[in-house]
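Novice: As a plain string of letters, each chain reads:
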Amino acid sequence: MKEKMTKIVLWLALAILLLAYPKLFGLYYVNLFVTFMVFAVFSLSFNMLLGFTGLLSFGHAIFFGMGGYGTALALRHIEGISLFPAMGCGVAAAVLLAAILCPVVIRVTGTAFAMVHLAFGQLMYVLALKLRNITGGEDGIGNFPLPDFSFLGIISLPLKNNPVNFYYFALLVLGLCTWLMWFFTQTPFGQIQVGIRDNAKRIDYLGFKVPESKAVIYITSAFFAGMAGSVYGLFHNLVSADGSLNVLVSFAAITATLIGGIGSFFGPIWGTAIFQILEEITIRFTEQVELVTGVIMILVIMYAPRGFAGFLSALNLKWQTYRAGRGK
Amino acid sequence: MDATTAMYVSQAIHGIAYGMILFLIASGLNLIFGMMGVLNLAHASFFMLSGYFCYQVLTITGNFWLSLLFAPLGTALFGIIVERVFLRRMHAFGHLGELMLTVGLSLVILAGVKFFWGTESLPIPVPETLQGLVRIFGLEYPIYRLFVIGLSLFVLVLMILALYKTRLGMIVRAAVSDRDMVNALGINIPLVFMVVFGIGCWLAGIAGVAIAPILTVFPGLADQVGMDAFIVVVTGGIGSLGGAFIVSLIFGLLSSFGIQFVSQLAPVLMVGFMALVLIIRPHGLFGVEE
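These protein sequence lines map, in sequence, to chains A and B. The opening position of the first sequence corresponds to residue -12 in the numbering used here, with each subsequent residue numbered one higher. The opening position of the second sequence corresponds to residue 62 in the numbering used here, with each subsequent residue numbered one higher.
Hints were generated in silico from the structure; no laboratory data involved. All residues carry an ideal CB built from backbone N, CA and C; glycine is no exception. Hints may be right or wrong, so weigh each one.
The calculated SDA-like cross-link candidates involving lysine to any residue, where the alpha carbons are at most 20 Å apart (straight line), are [stated by the list, open to error]: (1) A/Lys117 with B/Val118; (2) A/Lys(-6) with A/Leu278; (3) B/Lys175 with A/Arg271; (4) A/Lys196 with A/Asn233; (5) B/Lys175 with A/Leu278; (6) A/Lys196 with A/Val181; (7) A/Lys117 with B/Lys175; (8) A/Lys117 with B/Ser317; (9) B/Lys175 with B/Ser316; (10) B/Lys175 with A/Gln307; (11) B/Lys175 with A/Pro90; (12) B/Lys175 with A/Asn233; (13) B/Lys175 with B/Val118.
Quick partial rundown of chain A residues pointing at chain B, CB under 10 Å, derived from the structure [unchecked claim]: (14) Gly41; (15) Phe45; (16) Ala79; (17) Val82; (18) Leu83; (19) Val113; (20) Leu114; (21) Gly124; (22) Gln173; (23) Ile241; (24) Thr242; (25) Met289.
All chains should be modelled from the sequences, with the hints used to inform the complete structure.
Specialist: What follows is the structure, encoded as structure tokens:
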């Protein structure tokens, strides 16, 4: 009972903090937080594959990029389309791509899965640069119309050039995504994911369809990655190959998941936060983002392979042993 | 011989030369993977690094042959240090750790290359003895491309001899099939791993020097050629040397004729071919199920 109360109080405090955030901090930090939320959701969708199903992808950015490009193209070419249908276009593009890739990728595992995604990621990147009349080449698609955020005619918030409104919009959409992903891991189907990761043969033997389950998980993951990409494109009012399809975008998700802790649901959120704080500090001293990413990757994998979440659970274990020892 | 045939033949020569370079990189990757189970994602970065070493030796000595000798050796030495200091400690954490570590390493090498040599592309002149064209059967071939094909074939023969005719080769082949058993027989497997890793990097190094006069040396080299080499390995079947050879040649020809006829779609052709192969055979053309 007491623990339940503490939990409710903590959640309330978090909600109030998030709502009051734009009032407490400056615009710069509001924008930073939106970026954080986008990449947290992207990393969570990535961890759905890596942490929960054991599939390492080196090209998760393709779905992020599809989400962004789909939304931007819809807003540019369809007159008077409102916000959610446009985002739906982006997400649908990501899901469609995942559905097309499915037959190939669910048949391979491990290293081959990673490499196939690296290749597809590179392919999408090159295509985005080459198909200039659709994607705008190196310049990307920028300055597309950004409709107001309206909900059933009850509220209507202009998003263009209004970071605070955009913050609330992103908080709503991405918060919902996070909750949905968490809910997904709690369902019986989410448990099969873990089963596939740990022992695919056994799951098959128990009568579950492994390839079909993997396909569903893969498409779900693409859905959320596309959502994150769509919000990211809206946020910058620009979608470019370097910003959303580059292999470094995929690596950002991998690094965040790694730092946070593979297999823990909230790990990628911790990881994204830590990664961003580190990047924010180092960018003041050096322009070498690749060096920082690389060094962090090497250090984490060598010295803290279970990431921040692993560190936390080790700490918790120590605390519990300490308490148990004192209670005696 | 008419102009069209001449064009086809010269494109084919270009394709084969590029395919052979791809094979040099892919064979190093395959050797390391077959032996240690590590897919070295930094392999393409070693290849690029060798190009830069080549540039460095060339600016100091001015002799291409010296750089052909020393740059791959330097790359191999670097690879051995990496294996000894980083990779050896990662075996316990499984494939994921090794993949991530090599990705991190490739990013560090990329940053290092940009730091030491800058971001612009550095031209490497074709050595004087290999400049110009040679006439065979009334057709003109650039000597350097033929030299690249010859060099690759020479290295390939050397590899096969080393693998099947020497004691080290025997140990390597035995370790590929059962590394624990070979270790139990009293052979220092970690040492053999280190040497094999070095040889793999040496192969990438030779490819790096060979391609430098054709493409110049720039920080995007690892991405551009390395990606092709990874596609070769995955399509040919990870760990299969013969598969890598055949697919390298197919890809070399695909890329040279692709640029000739459908220049916009040349990169798509290779990935399309890979997708086709993987749909039919998920473990690659000559791959065996894990």
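Novice: Give a verdict on every hint.
Specialist: Outcome of the hint check:
Restraint check for A/Lys117 and B/Val118: the C-alpha separation of about 36 Å exceeds 20 Å, so the hint is violated. For a cut-off of 20 Å, the pair hint linking A/Lys(-6) to A/Leu278 is broken: about 40 Å separates their Cα positions. At roughly 19 Å between alpha-carbon atoms, B/Lys175 and A/Arg271 fall within 20 Å of each other, so this suggested pair holds. A threshold of 20 Å between alpha carbons decides the hint, and for A/Lys196 with A/Asn233 the separation of about 34 Å lies outside it, so the pair is violated.
Between B/Lys175 and A/Leu278 the alpha-carbon distance is near 10 Å, which keeps this suggested pair within the 20 Å criterion. Taking the CA atoms of A/Lys196 and A/Val181, the gap is near 14 Å; set against the 20 Å cutoff, the hint holds. Restraint check for A/Lys117 and B/Lys175: the C-alpha separation of about 25 Å exceeds 20 Å, so the hint is violated. Distance check on the hinted pair: A/Lys117 and B/Ser317 sit about 18 Å apart at the alpha-carbon level, within 20 Å; holds.
For the suggested pair B/Lys175 and B/Ser316, the alpha carbons sit about 28 Å apart, so the restraint of at most 20 Å is broken. Between B/Lys175 and A/Gln307 the CA atoms are separated by roughly 49 Å; this puts the pair beyond 20 Å, and the hint is violated. For the hint linking B/Lys175 to A/Pro90, the alpha-carbon distance of about 39 Å lies beyond 20 Å, and the restraint is violated. Pair hint B/Lys175 plus A/Asn233 holds up; C-alpha atoms about 18 Å apart against a cutoff of 20 Å.
At roughly 18 Å between alpha-carbon atoms, B/Lys175 and B/Val118 fall within 20 Å of each other, so this suggested pair holds. Because the beta carbon of A/Gly41 sits about 9 Å from the nearest beta carbon in chain B, less than 10 Å, this interface hint is met. A least Cβ separation of about 8 Å between A/Phe45 and chain B falls short of the 10 Å threshold, and the interface hint therefore holds. Checking A/Ala79 against chain B by beta carbon gives a least distance of about 22 Å; that is not within 10 Å, so the hint is violated.
Checking A/Val82 against chain B: minimum C-beta separation of about 19 Å lies over 10 Å; hint violated. Because the closest C-beta pair between A/Leu83 and chain B is about 16 Å apart, greater than 10 Å, the hint is violated. Interface hint at A/Val113: satisfied, since its Cβ lies 5 Å from the closest Cβ of chain B, which is below the 10 Å cut-off. Interface hint at A/Leu114: satisfied, since its Cβ lies 7 Å from the closest Cβ of chain B, which is below the 10 Å cut-off.
Checking A/Gly124 against chain B: minimum C-beta separation of about 12 Å lies over 10 Å; hint violated. The interface hint given for A/Gln173 is violated, since its Cβ lies 25 Å from the closest Cβ of chain B, which is over the 10 Å cut-off. Taking 10 Å as the C-beta cut-off, the interface hint given for A/Ile241 holds, the closest approach to chain B being about 7 Å. With a least beta-carbon distance of about 8 Å to chain B, the hint placing A/Thr242 at the interface is held under the 10 Å criterion.
Because the beta carbon of A/Met289 sits about 7 Å from the nearest beta carbon in chain B, less than 10 Å, this interface hint is met.
In this structure, the hints that do not hold are numbers 1, 2, 4, 7, 9, 10, 11, 16, 17, 18, 21 and 22, in rising order.
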